[in-house]
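Just so you know, the protein sequences line up as chains A and B, in that order. All you need for the working numbering is the position in the first sequence, starting with 1, plus 31. All you need for the working numbering is the position in the second sequence, starting with 1, plus 53.
Simulated from the structure, these hints should not be mistaken for lab results. Incorrect hints may appear among the rest.
Claimed, not checked - Chain B stretches covered by chain A per the calculated footprint, using a threshold of three residues with CB under 8 Å from any CB of chain A:
hint, stretch
1, 152-159
2, 244-255
Unchecked claim - Chain B is nowhere near these chain A residues, computed Cβ spacing over 10 Å in every case:
hint, residue
3, G94
4, L177
5, T356
6, T389
Unchecked claim - Not everything, but these chain A residues come out facing chain B in the computed CB check (under 7 Å):
hint, residue
7, V154
8, W165
9, G169
10, P250
11, V251
12, G254
Ideal placement from N, C-alpha and C gives every residue a C-beta, glycine not left out.
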Amino acid sequence: MERIGLGRFLAGLVCLASLTAVAWLAALAIVPPLFGWRTVTLTSGSMSPAIRVGDLVVARPPGAAPVKAGTVIVFRDPAGHGLITHRVVARNPDGTYLTKGDANPNADSTPLPARDIVGVGRVLVPRLGAPAVWLRTGNWADLVTLLVIGGAVAWHSRYALAPRHDPWRDTEDDADSPVTTPVSSLLARALLVVAVSEVALGSGALVMVQSARGAYTAPVSNGANAFAAATTWHQWYLKSAAPVSGNTPFLLSLALDTAPTATTLPSYNPAVNSTDPGETLVKGTGTQIWYMQAPAGGLTLPGPARLRLWTAMRGFSTSVSGSLTPQLYDCTLTPPVGCTEISTPTGGVTVAVAGTSTWAENDWELGVSTPYTVPANHYLGLTVSVPSTSGGDVMVAYDTTSYPSAVQAG
Amino acid sequence: MNEQRDTQTQRDRRRRLAPWAARVAAVSGSIALMSVLVVGGSRAAFNATTSNGPNSFAAGTVVIGNDSTGSVMFNLSGMKPGTTATECINVTYTGSLTANVHMYGTAVSGAGTLADYLNTTIDIGTGAAGGAGHSCTGFVLGSNLFPTATLTSFGTTNTNFATGLAGNDGATNPTTKSYRVTVTLQDNNAAQGKTANASFTWEAQNT
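Kindly generate the complete structure, drawing on both the sequences and the hints.
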């Protein structure tokens, strides 16, 4: 009889000790916040194994002194997603901090301003925040298990508190009075009430404890992209006749490296249609020639020549697409007299013009074997013509800041 | 009889005190043990100056990868005004935790380099063929992440996760997004002979 009583009492003591442990941990977590500290639950594991999911970090307010490397801090997420708990790796020269989750392969990419630090980790309360995390993640199985076990522990702790489970009680007294001493009974009940309410208070406070991510991060990079401009290039801009009163088919207007300054695009050939902006090249017959005279010493194309030309189908039609043929010449006299084609293949390459609702920029290779030098006093000539096989008339734009069409070489 | 009563009284007192001694021992022992554990655990967690390498834990993972198989998106030389290159890369999130994925530049050349003259546009979408050739075949535009501006501007405004380009928040396993990067050399002779470099980084961070 007495042995069974002692066993119960000891089991009750174990339960009481467990309750006390939880209550004490809860007190450690919820008392400091009353004094301006901050307790946070880790909701993800980037600080593992030092701090695991469900651990509570009790943090003191940050002081004025710089935080040392190695310190665990709680800070406002620079990306604006709540709080993060990570470790300071270094202090940057500009006063910001480099932080890192222990389990992350890389330091956090975002430098942390000192003003975003809300706490410096002082006390680690293990596991106590787990129920809050389970609640957050909907882990009902673990929550229910915990509640059942917790309830059983609380219930069985009465074996250590209620006088009738006291293994040392005088069984003979029971006959006279079921309660041994009123004082100890009252104390025991009070203790039980305190223990239970502390647990309730602790669980309630957990809901109020803020959560902080141990933000896992993972980067992936595409590195060492390299861009290099040609060492030199020439641009001969396609010019219009000035003043614009209808373009002539032959324009002395490939001007070396002089960008256009006009901001509005006029109608260059009102003879075809005064409402078309730029120049309309009628399919089968439309050709425009630009040329410039080579200076003394010749004019050298140092690299592959290309034509950058802004185009659209007539009326900005998107239902048809067309084509045009650009060609480059070396002419002994004013083009089209005495011209030898220098772009290959002879006859040029016909390129497609898309039907677009706005001007579209094209870049076409002119197929010049380089370097090619147009001798002094010869002319460099460019023709752009629309073949009869084109799906429609083609509009071209040039000599304006928005549409700086040009021949490029280099 | 008197002696017997004394013994009885002593026995009563022992009987009364014994359970209380046990209770106090259990409670204070428990508090002492927890205190020792907390102090030791706090010291271990908060005073470590070195951090552990990457670990895998049941707590969840954040995993991100791309399909470029190590080849760079852009390796352009001899660029001239109007030279345009468009490349696509697929970035896949496969972590178990819900995460936000942001894109930013690292080691982007700054002012005074060719980056000043490289107009850059970044779009997010789906379906690009990608791969080592960074093909944009099949790309379906979702939205524009970075309206056309210089590469210098991209590199100075998008430097880390917080300032990075969003567009793939709340990613779950698996989420693949195609990023289309278009670079065009401005029509400016001052760009002659200049060079620039850039690395593009996608970072996932759990929410």
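Hint by hint, where does the structure go against what was stated? Just the numbers, ascending.
Checked against the structure, the hints that fail are numbers 8, 9, while the rest are satisfied.
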